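*Asks:* Turn these sequences into a full structure, and let the hints steer you where they fit.
Quick note on numbering: the sequence shown equals residues 1 to 309 in the numbering used here.
If you're looking for bench data, these hints aren't it; they were derived computationally from the structure.
The structure displayed is predicted, hence computed values, not measured ones.
Just so you know, even glycine gets a beta-carbon here, dropped at the ideal spot from N, CA and C.
Some clues are possibly wrong.
Pairwise CB distance ranges (calculated) [unchecked claim]:
{"no.": "1", "residue 1": "Ala218", "residue 2": "Arg77", "range": "19 to 25 Å"}
{"no.": "2", "residue 1": "Val196", "residue 2": "Arg247", "range": "43 to 49 Å"}
{"no.": "3", "residue 1": "Asp299", "residue 2": "Tyr254", "range": "25 to 31 Å"}
{"no.": "4", "residue 1": "Ser26", "residue 2": "Met1", "range": "17 to 23 Å"}
With a Cα cut of at most 20 Å, we get these calculated DMTMM-like pairs of lysine to aspartate or glutamate [unchecked claim]:
{"no.": "5", "residue 1": "Lys4", "residue 2": "Glu24"}
{"no.": "6", "residue 1": "Lys34", "residue 2": "Glu76"}
{"no.": "7", "residue 1": "Lys41", "residue 2": "Glu76"}
{"no.": "8", "residue 1": "Lys41", "residue 2": "Glu24"}
{"no.": "9", "residue 1": "Lys34", "residue 2": "Glu20"}
{"no.": "10", "residue 1": "Lys34", "residue 2": "Glu24"}
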Amino acid sequence: MDLKAVRTFVAVADVGQFQEAAAELSITQQAVSKRIAALEKELGARLFTRTARGARLTIDGQAFLPHARELLRAEERAAASVRPGRRALRVDVIGRRLAPADLLRGFHRAHPGVELDVVTLFDADAAIAAVRTGTIDASFRAVTVPARRLPGGIEATRVHDEPIQLLTGPSHQLAAAREVTPAEFAGHRIWMPGIVPGTEWAAYYDDLAAAFGITIDAIGPYFGPEPLLDTIADSSTLATFVGERTRLVWPADYGLRRIAVRHPTPVYPHALIWHRDNPHPALSALRDHLASAPPGHRDTDVWTPQWAW
1 MDLKAVRTFV
11 AVADVGQFQE
21 AAAELSITQQ
31 AVSKRIAALE
41 KELGARLFTR
51 TARGARLTID
61 GQAFLPHARE
71 LLRAEERAAA
81 SVRPGRRALR
91 VDVIGRRLAP
101 ADLLRGFHRA
111 HPGVELDVVT
121 LFDADAAIAA
131 VRTGTIDASF
141 RAVTVPARRL
151 PGGIEATRVH
161 DEPIQLLTGP
171 SHQLAAAREV
181 TPAEFAGHRI
191 WMPGIVPGTE
201 WAAYYDDLAA
211 AFGITIDAIG
221 PYFGPEPLLD
231 TIADSSTLAT
241 FVGERTRLVW
251 PADYGLRRIA
261 VRHPTPVYPH
271 ALIWHRDNPH
281 PALSALRDHL
291 ASAPPGHRDT
301 DVWTPQWAW
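*Replies:* Here it is as structure tokens:
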């Protein structure tokens with residue numbers, strides 16, 4: 001259905017005059033008549049009766065009017081859903097328990113009026129493709145390629161360095177330690193089921209393992225964080241890595257230990273990815289917020305993969 005004709009019909013119904021409707025719509029009276037005639041032909045019904053006082057709705061016109069108004073409201077909602085500044089800012093955070101989600105919550109606290117649509121995509125390739133097509137406005141990712149190799153128009157900036165911690169059960173050999181060095185846990189079995197080859201987080205942990213002689217066991221299947229915590233809590237030999245800002249909750253009797261890693265501290269390099277031509281005003285607000293926030297781990301004695309620099 002021609003929405004211009006529907007809008008013209010509503011204008012005539014509101015003012016009761018073809019001429020006044022033409023002035024309101026900035027078109028000629030002849031154009032108004034043609035649009036109404038085309039709409040009546042499409043509907044197979046007469047919508048107006050011409051009188052000396054102007055145009056009066058027929059019974060069919062009265063029946064059609066509320067639906068015509070709803071069509072125009074639907075058109076406005078559809079346009080608003082993709083209009084920068086009118087729709088929610090769509091941001092990928094990888095996982096809702098991870099540091100990027102926490103960073104986005106901080107932005108929301110600082111800008112409660114900004115509507116957010118939070119999504120979780122699989123990996124950096126999927127996120128970059130979504131940013132390119134405009135499916136999302138931004139993504140928090142570790143970027144494993146130099147900036148010059150990102151697709152045209154895609155920008156990325158490192159926004160937060162998150163320290164990696166060792167998570168053990170109470171009977172693990174390192175459970176009593178306040179902090180450990182990478183050399184101390186190099187001989188222990190680090191279990192991280194669910195690492196998917198080819199992803200940015202797999203690239204990070206592959207480089208971490210190679211740098212410090214660590215063996216990371218990715219044998220699955222991965223049933224989620226709760227079964228992983230169950231296993232770690234009951235084991236005297238298994239440990240796993242978690243980010244400092246990863247939100248995990250477990251029963252008190254599990255006795256799990258989050259142990260800081262020092263000398264050096266491995267940090268995960270979270271970056272924000274966006275398209276330079278994206279005009280959404282909230283995207284600029286998000287970038288400014290992240291630029292003014294603490295960068296994460298401040299010590300100089302850190303390790304992160306070479307590609308992150």
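*Asks:* All the hints need checking, so say for each whether the structure fits it.
*Replies:* Consistency of the hints with the structure:
For the pair Ala218 and Arg77, the beta carbons lie near 45 Å from each other, so the given range of 19 to 25 Å is not met. Distance hint check: the CB atoms of Val196 and Arg247 are about 21 Å apart, inconsistent with the given range 43 to 49 Å. Look at Asp299 against Tyr254: about 30 Å separates their beta carbons, and that is inside 25 to 31 Å. Checked against the hint of 17 to 23 Å, the pair Ser26 and Met1 passes, with Cβ atoms roughly 22 Å apart.
Of the pairs offered as hints, the one joining Lys4 and Glu24 holds, with about 13 Å between alpha carbons and a cut-off of 20 Å not exceeded. For a cut-off of 20 Å, the pair hint linking Lys34 to Glu76 is broken: about 24 Å separates their Cα positions. Using a Cα cut-off of 20 Å, the hinted pair Lys41 and Glu76 is violated, with the two alpha carbons roughly 25 Å apart. Restraint check: the Cα-Cα separation between Lys41 and Glu24 comes to about 24 Å, which exceeds 20 Å; the hinted pair is violated.
Taken as a hint, the Lys34 and Glu20 pair is honoured in the structure, with Cα atoms around 15 Å apart against an allowance of 20 Å. Under the criterion of a C-alpha separation no larger than 20 Å, the hint pairing Lys34 with Glu24 is consistent with the structure, at around 16 Å.
Taken one by one, the earlier hints fail for this structure at numbers 1, 2, 6, 7 and 8, listed in ascending order.
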